[in-house]
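2 protein chains.
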Amino acid sequence: MQERIECCDEHCVHPEILEHVKLEMPDEEALYDLAELFKVFGDTTRIRILYVLFESEMCVCDIAELLNMSQSAISHQLRVLKQARLVGNRREGKTIYYFLADDHVRAIIGQGMEHIEE
Amino acid sequence: MQERIECCDEHCVHPEILEHVKLEMPDEEALYDLAELFKVFGDTTRIRILYVLFESEMCVCDIAELLNMSQSAISHQLRVLKQARLVGNRREGKTIYYFLADDHVRAIIGQGMEHIEE
DNA sequence: ATCATATATGAACAGATGATCATATGTTTG
DNA sequence: CAAACATATGATCATCTGTTCATATATGAT
Chain A
5 MQERIECCDE HCVHPEILEH VKLEMPDEEA LYDLAELFKV FGDTTRIRIL
55 YVLFESEMCV CDIAELLNMS QSAISHQLRV LKQARLVGNR REGKTIYYFL
105 ADDHVRAIIG QGMEHIEE
Chain B
5 MQERIECCDE HCVHPEILEH VKLEMPDEEA LYDLAELFKV FGDTTRIRIL
55 YVLFESEMCV CDIAELLNMS QSAISHQLRV LKQARLVGNR REGKTIYYFL
105 ADDHVRAIIG QGMEHIEE
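These protein sequence lines are chains A and B, in that order.
Residue numbers for the first sequence follow our numbering, beginning at 5 and rising by one.
Residue numbers for the second sequence follow our numbering, beginning at 5 and rising by one.
Derived from the structure by calculation, the hints contain no laboratory data.
A virtual CB, placed ideally from N, CA and C, is assigned to each residue, including glycine.
It cannot be assumed that every hint is accurate.
[Said to hold, decoys possible] Going by beta-carbon spacing under 7 Å, a handful of chain B positions derived as facing chain A: (1) I21; (2) E28; (3) D37; (4) L38; (5) G46; (6) R52; (7) L104; (8) H108; (9) Q115; (10) I120.
My request is simple: use the sequences and hints to build the entire structure.
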């Protein structure tokens with residue numbers, strides 16, 4: 005007689021909550037984009053780059069020197085950061101300066117810091 | 005005569021800014037922890053789990069059913085979320101209910117959403 | 001005690017990721 | 001135009017990650 009014969013027949017949350025959850029879920033594309041965004045923050049090198057840019061815009065070789073890493077490694081990561089629109093850049097002669105794209109970066113990292121400092 | 009003979013001798017930011025950046029950087033351990041935290045957010049399954057828990061605490065099999073994934077996969081990811089202290093759980097008989105650990109989760113995901121919706 | 005149910009866990013494997021190396025592109029200077 | 005410099009990029013490789021499968025643990029019911 006019962007439709008659902010597997011687990012969670014009776015013990016769990018009410019069906020209307022399950023329905024409600026399904027309705028409230030953002031669409032798959034947004035969830036995917038969100039995970040992709042956080043992946044970008046989920047790497048020590050990229051976090052360090054972002055922290056460096058908190059203080060001032062900076063060229064690639066300066067970042068590499070500051071973080072004691074190869075120019076190539078930094079360049080690859082700056083590409084990832086730029087694709088995620090977390091940083092922007094501008095050219096001045098041979099040099100390319102990178103800077104934080106917007107204040108969400110600070111906000112997100114700030115919230116993260118609060119959590120781990122608990 | 006010059007100490008620094010590589011790139012960035014003259015064109016780039018002033019040395020005092022470089023010094024300032026070095027001083028302002030959080031220590032390596034904090035940066036590592038921060039990256040680890042964002043890694044946890046950087047997966048579609050875990051993001052979806054967190055969104056489900058936005059609405060209500062829920063047991064493992066319900067989450068699995070809602071997300072159309074195996075109980076094992078969900079259990080593995082709940083473990084990761086718990087280790088990052090993003091969710092907590094409580095037992096009620098055979099069932100274990102998971103819930104959001106604190107409001108940083110909402111804040112962080114909210115900021116992330118704002119960014120991708122730009 | 002035995003069985004069913006809910007969840008957890010370890011091993012294994014495929015796919016993703018990040019640093020390195022070599023090289024390419026683009027800019028300035030002589 | 002050639003050389004020097006700043007940056008970007010493609011290939012490679014070792015490592016990490018997430019799912020699956022099989023199995024273990026824990027609780028409740030009979």
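Outcome of the hint check:
1. Nearest Cβ of chain A to the Cβ of I21/B: about 5 Å, under the 7 Å cut. The hint holds.
2. Interface restraint check for E28/B: the shortest CB-CB distance to chain A comes to about 6 Å, inside 7 Å, so the restraint holds.
3. The beta carbon of D37/B is positioned within 7 Å of a beta carbon in chain A (closest approach about 5 Å), and the interface hint is therefore held.
4. Annotation: L38/B was flagged as interfacial toward chain A, and the flag holds, the nearest CB pair being 5 Å apart, inside 7 Å.
5. For G46/B, the shortest C-beta to C-beta distance to chain A is roughly 4 Å, which falls under 7 Å, so the interface hint holds.
6. Interface restraint check: R52/B against chain A, minimum CB-CB distance 6 Å, threshold 7 Å, status holds.
7. Using the Cβ-Cβ criterion of 7 Å, the hint placing L104/B at the interface with chain A is not satisfied: the shortest such distance is roughly 12 Å.
8. The closest approach between the C-beta of H108/B and any C-beta of chain A is roughly 4 Å, which is under the 7 Å cut-off, so the hint is satisfied.
9. Checking Q115/B against chain A by beta carbon gives a least distance of about 5 Å; that is within 7 Å, so the hint holds.
10. Because the closest C-beta pair between I120/B and chain A is about 5 Å apart, less than 7 Å, the hint holds.
Taken one by one, the earlier hints fail for this structure only at number 7.
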